[in-house]
Each structure stands twice: as structure tokens, then as C-alpha cells.
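Q: As given, the protein sequences belong to chains A and B, one line each in that order. No gaps in the numbering here: position 10 of the first sequence is 10 in my numbering, and each next residue is one more. Whatever position you read off the second sequence (first residue = 1), add 116 for my numbering.
Hints were generated in silico from the structure; no laboratory data involved. Each residue gets a CB set at the ideal place from its N, CA and C atoms; glycine is no exception. Keep in mind that the hints are not guaranteed to be accurate.
Each pair of labels, with its calculated beta carbon distance range [to be verified]:
{"no.": "1", "chain 1": "A", "residue 1": "Ser14", "chain 2": "B", "residue 2": "Ser143", "range": "36 to 44 Å"}
{"no.": "2", "chain 1": "B", "residue 1": "Pro124", "chain 2": "A", "residue 2": "Met83", "range": "28 to 36 Å"}
{"no.": "3", "chain 1": "A", "residue 1": "Ala54", "chain 2": "B", "residue 2": "Pro186", "range": "37 to 45 Å"}
{"no.": "4", "chain 1": "A", "residue 1": "Glu15", "chain 2": "B", "residue 2": "Lys173", "range": "23 to 31 Å"}
{"no.": "5", "chain 1": "B", "residue 1": "Gly156", "chain 2": "A", "residue 2": "Thr72", "range": "22 to 30 Å"}
{"no.": "6", "chain 1": "A", "residue 1": "Pro40", "chain 2": "B", "residue 2": "Arg138", "range": "17 to 25 Å"}
{"no.": "7", "chain 1": "B", "residue 1": "Glu168", "chain 2": "A", "residue 2": "Leu7", "range": "34 to 42 Å"}
{"no.": "8", "chain 1": "B", "residue 1": "Leu155", "chain 2": "A", "residue 2": "Ser14", "range": "23 to 31 Å"}
{"no.": "9", "chain 1": "B", "residue 1": "Glu194", "chain 2": "A", "residue 2": "Glu15", "range": "23 to 31 Å"}
{"no.": "10", "chain 1": "A", "residue 1": "Leu56", "chain 2": "B", "residue 2": "Glu168", "range": "33 to 41 Å"}
{"no.": "11", "chain 1": "B", "residue 1": "Gln170", "chain 2": "A", "residue 2": "Asn61", "range": "42 to 50 Å"}
{"no.": "12", "chain 1": "A", "residue 1": "Thr72", "chain 2": "B", "residue 2": "Ser189", "range": "34 to 42 Å"}
Interface residues of chain B toward chain A, partial, derived using beta-carbon atoms under 7 Å [unchecked claim]:
{"no.": "13", "residue": "Thr154"}
{"no.": "14", "residue": "Pro159"}
{"no.": "15", "residue": "Glu172"}
{"no.": "16", "residue": "Phe190"}
{"no.": "17", "residue": "Gly201"}
{"no.": "18", "residue": "Lys216"}
{"no.": "19", "residue": "Gly220"}
Partial chain A-side listing against chain B, Cβ under 10 Å, derived [as the list claims (entries may be wrong)]:
{"no.": "20", "residue": "Asn41"}
{"no.": "21", "residue": "Leu46"}
{"no.": "22", "residue": "Lys49"}
{"no.": "23", "residue": "Ser52"}
{"no.": "24", "residue": "Leu56"}
{"no.": "25", "residue": "Ser70"}
{"no.": "26", "residue": "Ser73"}
{"no.": "27", "residue": "Thr77"}
{"no.": "28", "residue": "Lys108"}
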Amino acid sequence: AQSVTQLGSHVSVSEGALVLLRCNYSSSVPPYLFWYVQYPNQGLQLLLKYTSAATLVKGINGFEAEFKKSETSFHLTKPSAHMSDAAEYFCAVSRGDGGSQGNLIFGKGTKLSVKP
Amino acid sequence: DTGVSQNPRHKITKRGQNVTFRCDPISEHNRLYWYRQTLGQGPEFLTYFQNEAQLEKSRLLSDRFSAERPKGSFSTLEIQRTEQGDSAMYLCASSLLTEKLFFGSGTQLSVL
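Chain A on its own, in the form it takes in the complex (with noise of 0.2 Å):
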């Protein structure tokens, strides 16, 4: 069964510092990967997404993942924090037994703060 484990519930950077976020998934087929990032009051909004191409993925915002199926991680990156990009990150992985793409499997979130 597919599962995503993200690590760490609250991340705090410097603004113009890197930004880490770490994703782990669990599949049983080749999986479809998501980030998700949420602003106080808003709705979800994709950051980027994998599907089997390239396993340097860029999204918006400057922010990029890396596919690694050795180390069944999906990291999220920028290389310099900006005070707006304080929200809460969200990986994801698609359910992949068939149904739709988007049914997907969410991890528990990471709340990224930025320090001036």
C-alpha cells in the first residue's frame, strides 16, 4: 500500500537560506509524487509534480524535487528562503491501484517558518 512519511512537523530557516523539506514514500507500483503547499486561509496549491520523466523536477516559486527510488525520497528544495514562502508543505503520492491520479495519499505536513 502506498504511504508518505514527511519528517519533521515544523521547519525554521533564515530568509536567504536553504530550504529542506523531506518527503519518504512507500509504493508498490511506479508512483506518481506531489507537493502541495498551503497559505493560512487559502486552498492547496500545487507546487510540482513527478511522473516518471525527468527525476529533477522544477516547480514554481524557485522550489525543486529530486526523485530518488534508492532511497524512496522525494525531497523538496530551494535554494534561498523568501519570507512568503512561510506556509505549510504537503507531499503526496498518488493512490496508483488503478483509480484516479488524483486520489492521492497525503502526508502529515510540514510548516515551514522564514526569520528575517
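Chain A is already provided as a structure; the job is to place chain B on it using the hints.
A: The following block gives chain B in isolation, referenced to the frame of chain A:
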């Protein structure tokens, strides 16, 4: 493109009452999803429609929950005989075939 709209934004109800939420997807999107999110957890899939057909239902969706999407446009999610454990944020999302999900801001349900 006005985004996915959910109403109401907040709903407070007493245990045992019925509640209904509405979701208006992005107009050309043929797929519509309902998710539930509790505090400190990620969203959990409840059900999904393609046009007016309900194609998947989670085992989380008890008999007290029913969703409809008449005419393949807006959708409603009804919870009958609410329980305190139903308190959560109910999220709606829409998509065009296999493209990315667009989420609404959700309906926060509090059951007293």
C-alpha cells in the same frame, strides 16, 4: 477562471443535525474530489466524480455521508446525524482529466 468555490466557509452545528456543503468547481473541469482534513493531518480522500458519475468512494465515507454531482457541475456533500468526530475541514478540488488538482479554501465544520 474564478477558482474552486466552497460554501459555507464555516459551519457550526449540534451533534445529530444534518449539514450540507456545496462546491462549485472550475467550469470546464470534469473531475471533482472531496477531501477531509483534521488538525495536524494531511487531507484524506473521501470521494471523486467524473462528470456526474461517482467513481470512487473511500472506506472513510460512512453511510451517513452522501455526495452528489447532478448534471456534472456543482457538487454537494451531506452529512447526516453529525458526530463530534466529523469536525474537520472539508476540501473540494477539481481537475481536467489527469491534470493537477485545484483546491478550494474549504468548509470548516464544528460539531458541538
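Q: Does each hint hold? Answer for all of them.
A: Status of the hints after comparison with the structure:
A beta carbon spacing of about 43 Å between Ser14/A and Ser143/B agrees with the range 36 to 44 Å that was offered as a hint. A hinted range of 28 to 36 Å holds for the C-beta pair Pro124/B and Met83/A, which are about 32 Å apart. Between Ala54/A and Pro186/B the beta carbon distance is about 41 Å. The supplied range of 37 to 45 Å therefore holds. The beta-carbon spacing between Glu15/A and Lys173/B, approximately 45 Å, falls outside the hinted interval of 23 to 31 Å.
Gly156/B and Thr72/A have their C-beta atoms about 24 Å apart, which keeps the hinted 22 to 30 Å range intact. A beta carbon spacing of about 23 Å between Pro40/A and Arg138/B agrees with the range 17 to 25 Å that was offered as a hint. A beta carbon spacing of about 41 Å between Glu168/B and Leu7/A agrees with the range 34 to 42 Å that was offered as a hint. Between Leu155/B and Ser14/A the C-beta distance comes to about 28 Å, which sits within the given range of 23 to 31 Å.
About 46 Å separates the C-beta atoms of Glu194/B and Glu15/A, a value inconsistent with the hinted range of 23 to 31 Å. For Leu56/A and Glu168/B, the Cβ-Cβ distance of about 40 Å falls inside the hinted range of 33 to 41 Å, so the restraint holds. Between Gln170/B and Asn61/A the Cβ separation comes to about 35 Å, which falls outside the hinted range of 42 to 50 Å. Restraint check, Thr72/A to Ser189/B: a C-beta distance of roughly 40 Å satisfies the suggested window 34 to 42 Å.
At a threshold of 7 Å, the smallest CB-CB gap from Thr154/B to chain A is about 10 Å, leaving the interface hint violated. Hint status for Pro159/B relative to chain A: holds, with the closest Cβ pair at about 5 Å, below 7 Å. Among the interface hints, the one on Glu172/B holds; its C-beta lies about 5 Å from the nearest C-beta in chain A, closer than the 7 Å criterion. The beta carbon of Phe190/B is not positioned within 7 Å of any beta carbon in chain A (closest approach about 16 Å), and the interface hint is therefore violated.
Here the hint on Gly201/B is broken, as its CB sits about 18 Å from the closest CB of chain A, past 7 Å. Contact between Lys216/B and chain A, as hinted, is supported at the beta carbon level, the nearest pair being about 4 Å apart and thus within 7 Å. Taking 7 Å as the C-beta cut-off, the interface hint given for Gly220/B holds, the closest approach to chain A being about 5 Å. Because the smallest distance between the Cβ of Asn41/A and any Cβ of chain B comes to about 7 Å, under 10 Å, the interface hint for this residue holds.
For Leu46/A, the shortest C-beta to C-beta distance to chain B is roughly 4 Å, which falls under 10 Å, so the interface hint holds. A least Cβ separation of about 7 Å between Lys49/A and chain B falls short of the 10 Å threshold, and the interface hint therefore holds. At about 13 Å, the closest approach between the beta carbon of Ser52/A and any beta carbon in chain B exceeds 10 Å, and the interface hint on this residue is violated. A distance limit of 10 Å between C-beta atoms decides the matter here; for Leu56/A the minimum to chain B is near 19 Å, and the interface restraint is violated.
Among the interface hints, the one on Ser70/A is violated; its C-beta lies about 25 Å from the nearest C-beta in chain B, farther than the 10 Å criterion. Here the hint on Ser73/A is broken, as its CB sits about 17 Å from the closest CB of chain B, past 10 Å. The restraint placing Thr77/A at the interface with chain B is violated, with a minimum CB-CB distance near 20 Å, outside the 10 Å limit. Given the 10 Å rule on beta carbons, the hint for Lys108/A holds: about 5 Å separates it from the nearest Cβ of chain B.
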